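Number of protein chains: 2
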Amino acid sequence: MEQHSILDALQWRYAVKKFDSSRKIPAKEWALLEESLRLSPSSYGLQPWKFIRVKTPEVLQQLRAESWNQSQVTDCSDYVVFTTRTEMLESDVDEFLKLQSGIRGTPMEKLQGYRDVILGDIVKGPRSAQAANWAQRQSYIAMGFIMETAALIGVDTCPMEGLDPKAYDRILGLESTGYRTVAAVALGYRHAEDRYAGEKKVRYPISRIMETR
Amino acid sequence: MEQHSILDALQWRYAVKKFDSSRKIPAKEWALLEESLRLSPSSYGLQPWKFIRVKTPEVLQQLRAESWNQSQVTDCSDYVVFTTRTEMLESDVDEFLKLQSGIRGTPMEKLQGYRDVILGDIVKGPRSAQAANWAQRQSYIAMGFIMETAALIGVDTCPMEGLDPKAYDRILGLESTGYRTVAAVALGYRHAEDRYAGEKKVRYPISRIMETR
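Protein chains in written order, with our numbering: chain G, 2 to 214; chain X, 2 to 214.
In isolation and in its complexed conformation, chain G is listed as follows (with noise of 0.2 Å):
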């Protein structure tokens, strides 16, 4: 793929403040986006997470009156939100090493070993006491990859953080559910007159953010 380009799409993406609200992803697009979500990797390959895409115009603006009544939530083209698993149980572990037997044929027993060393981790070892802040950093992976995705294709992005994740659970009905809110991506076309698309990006020379030892 072309250097260049991958650094115009890089340039070219900011967070929209003001979608085009008549404008809608299409199909073909929005199945790569989706599969960019699904293909990011995770601790282990576990995927802790669940994306709730909210179509419904009701439930868009409860999410917005949560998130201080930004725009984006009701004028974007897909907005998703991103949930992720509040701990680590065995089942979630024997769930993917299931998924691992089925699809690469290995025998469960041969998993055993790879099954210890998760339990022995993110499960009942140390950092199972930090499992849901574990699982909201990998779906911030799978964020990376849908808005660098989105920007290659010519699709815009907001991150969104601005928002109260336990409001979000409540609308949603997360509760019960073992999976948390923890951010939200909006999706879709900028406004013509979004003031902040012809802004300069606001980063800090290279020499600041990296060091070489």
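Don't take each hint at face value.
[To be verified] Below 20 Å or equal to it, Euclidean Cα-Cα: the simulated PhoX-like pairs (lysine-lysine) are:
#1 G/Lys-99 - X/Lys-202
#2 X/Lys-201 - G/Lys-99
#3 X/Lys-167 - X/Lys-51
#4 G/Lys-202 - X/Lys-25
#5 X/Lys-99 - G/Lys-201
#6 X/Lys-111 - G/Lys-201
#7 X/Lys-111 - G/Lys-202
#8 G/Lys-19 - G/Lys-56
#9 G/Lys-51 - X/Lys-202
#10 G/Lys-202 - X/Lys-19
#11 G/Lys-51 - G/Lys-99
#12 G/Lys-18 - X/Lys-111
#13 X/Lys-201 - G/Lys-111
#14 G/Lys-111 - X/Lys-18
#15 X/Lys-202 - X/Lys-18
#16 X/Lys-56 - X/Lys-29
#17 G/Lys-202 - G/Lys-18
#18 X/Lys-19 - X/Lys-51
#19 X/Lys-167 - X/Lys-19
#20 G/Lys-111 - G/Lys-99
#21 X/Lys-202 - G/Lys-111
#22 G/Lys-19 - G/Lys-201
#23 G/Lys-18 - G/Lys-201
#24 G/Lys-167 - G/Lys-51
#25 X/Lys-56 - X/Lys-25
#26 X/Lys-99 - X/Lys-111
#27 X/Lys-19 - X/Lys-202
#28 X/Lys-111 - X/Lys-51
#29 G/Lys-19 - G/Lys-202
#30 X/Lys-18 - X/Lys-167
#31 G/Lys-51 - G/Lys-18
#32 G/Lys-25 - G/Lys-56
No lab work stands behind these hints: they were computed from the structure.
Fair warning: this is a prediction, and the values are worked out from it, not measured in the lab.
Position chain X relative to chain G; hints supplied.
Relative to the frame of chain G, chain X by itself:
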């Protein structure tokens, strides 16, 4: 950009287990990878991260010993340690706003409202106690960006979470810097004998990870 080739790249990517230590990432490719980190979005644009590219063999050996002795640390072309702020201070916000003022020519006075919002949230507000986790999450967006860009230009990666962050902090001398290790990414080229390269991806079907409401 061709949708087909993006999908190919995402499917081509996998977590490399064995790098070809004889192959190094050329300067031009590295510049784009570095730029992908730099152009990553973060909450409020604060960029609460520092990336450490470790090239010294002795240091890499020490880090490998604290990473379950995984060979990726020493055999990859470029090993990038992700470090993030442990807390967000007023000075972090002011440094960022000065940068913004300089780049966009906005007088600092006009950024006071934005400053207050940030201070009332991640610096002094309810989320300030979670600032370290917040900063770590942001850095995983950058992790997504560098891994997707790498895949698009045929550079392999392995995200590394199986490491002792405290030991990394000690080796890299981070204790008094306000930054702490969260993870790392090894970049380079897969070894012809890495059998993991041929394994099928283990991913839940989209119906399991995506709901539409």
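For each hint, the structure was consulted:
1. Proximity of G/Lys-99 to X/Lys-202 is assessed by CA-CA distance (about 13 Å); at most 20 Å being required, the pair is judged to hold.
2. Proposed proximity of X/Lys-201 and G/Lys-99 is supported: the alpha carbons are some 14 Å apart, at most 20 Å.
3. The suggested pairing of X/Lys-167 with X/Lys-51 holds, with an alpha-carbon distance near 16 Å, which does not exceed 20 Å.
4. With a C-alpha separation of about 31 Å, the suggested pair G/Lys-202 and X/Lys-25 falls outside the 20 Å cut-off, and the hint is violated.
5. Restraint check for X/Lys-99 and G/Lys-201: the C-alpha separation of about 14 Å stays at or below 20 Å, so the hint holds.
6. Our distance criterion of 20 Å between C-alpha atoms is met by X/Lys-111 and G/Lys-201, whose separation comes to about 17 Å.
7. For the proposed pair X/Lys-111 and G/Lys-202, the alpha carbon gap of about 17 Å is at most 20 Å, so the pair holds.
8. With a CA separation close to 18 Å, the supplied pair G/Lys-19 and G/Lys-56 stays within the 20 Å bound.
9. Restraint check for G/Lys-51 and X/Lys-202: satisfied, since their Cα atoms lie roughly 18 Å apart, inside the 20 Å limit.
10. As the CA atoms of G/Lys-202 and X/Lys-19 are separated by approximately 37 Å, the hinted pair breaks the 20 Å bound.
11. Taken as a hint, the G/Lys-51 and G/Lys-99 pair is honoured in the structure, with Cα atoms around 18 Å apart against an allowance of 20 Å.
12. Restraint check for G/Lys-18 and X/Lys-111: the C-alpha separation of about 18 Å stays at or below 20 Å, so the hint holds.
13. At most 20 Å may separate the alpha-carbon atoms for a hinted pair to count; X/Lys-201 and G/Lys-111 meet this at roughly 17 Å.
14. Between G/Lys-111 and X/Lys-18, the direct Cα distance comes to roughly 18 Å. Compliance with the 20 Å bound is thereby established for this hinted pair.
15. For the hint pairing X/Lys-202 with X/Lys-18, the CA-to-CA distance comes to about 14 Å; that is within 20 Å, so the pair holds.
16. Distance restraint check for X/Lys-56 and X/Lys-29: the Cα-Cα separation of roughly 17 Å lies within the 20 Å cut-off, and the hinted pair is therefore satisfied.
17. This hinted pair checks out: G/Lys-202 and G/Lys-18 have alpha carbons roughly 14 Å apart, not beyond 20 Å.
18. With a C-alpha separation of about 26 Å, the suggested pair X/Lys-19 and X/Lys-51 falls outside the 20 Å cut-off, and the hint is violated.
19. The suggested pairing of X/Lys-167 with X/Lys-19 is violated, with an alpha-carbon distance near 25 Å, which exceeds 20 Å.
20. The suggested pairing of G/Lys-111 with G/Lys-99 holds, with an alpha-carbon distance near 12 Å, which does not exceed 20 Å.
21. Among the hinted pairs, X/Lys-202 with G/Lys-111 is consistent with the structure: their alpha-carbon atoms are about 17 Å apart, no more than 20 Å.
22. Using a Cα cut-off of 20 Å, the hinted pair G/Lys-19 and G/Lys-201 holds, with the two alpha carbons roughly 17 Å apart.
23. Restraint check for G/Lys-18 and G/Lys-201: the C-alpha separation of about 15 Å stays at or below 20 Å, so the hint holds.
24. For a cut-off of 20 Å, the pair hint linking G/Lys-167 to G/Lys-51 stands: about 16 Å separates their Cα positions.
25. About 11 Å separates the Cα atoms of X/Lys-56 and X/Lys-25, which keeps this hinted pair within 20 Å; it holds.
26. Straight-line distance between C-alpha atoms of X/Lys-99 and X/Lys-111 comes to about 12 Å, which keeps the hinted pair within the 20 Å bound.
27. Between X/Lys-19 and X/Lys-202, the direct Cα distance comes to roughly 17 Å. Compliance with the 20 Å bound is thereby established for this hinted pair.
28. Simply put, X/Lys-111 and X/Lys-51 have alpha-carbon atoms about 28 Å apart, too far for the 20 Å limit, and the pair is violated.
29. Between G/Lys-19 and G/Lys-202 the CA atoms are separated by roughly 17 Å; this keeps the pair inside 20 Å, and the hint holds.
30. A distance of roughly 23 Å separates the Cα atoms of X/Lys-18 and X/Lys-167; the hinted pair therefore is violated under the 20 Å criterion.
31. This hinted pair does not check out: G/Lys-51 and G/Lys-18 have alpha carbons roughly 25 Å apart, beyond 20 Å.
32. For the hint pairing G/Lys-25 with G/Lys-56, the CA-to-CA distance comes to about 11 Å; that is within 20 Å, so the pair holds.
Going down the numbered hints, you'll see the structure goes against 4, 10, 18, 19, 28, 30, 31, while the others check out.
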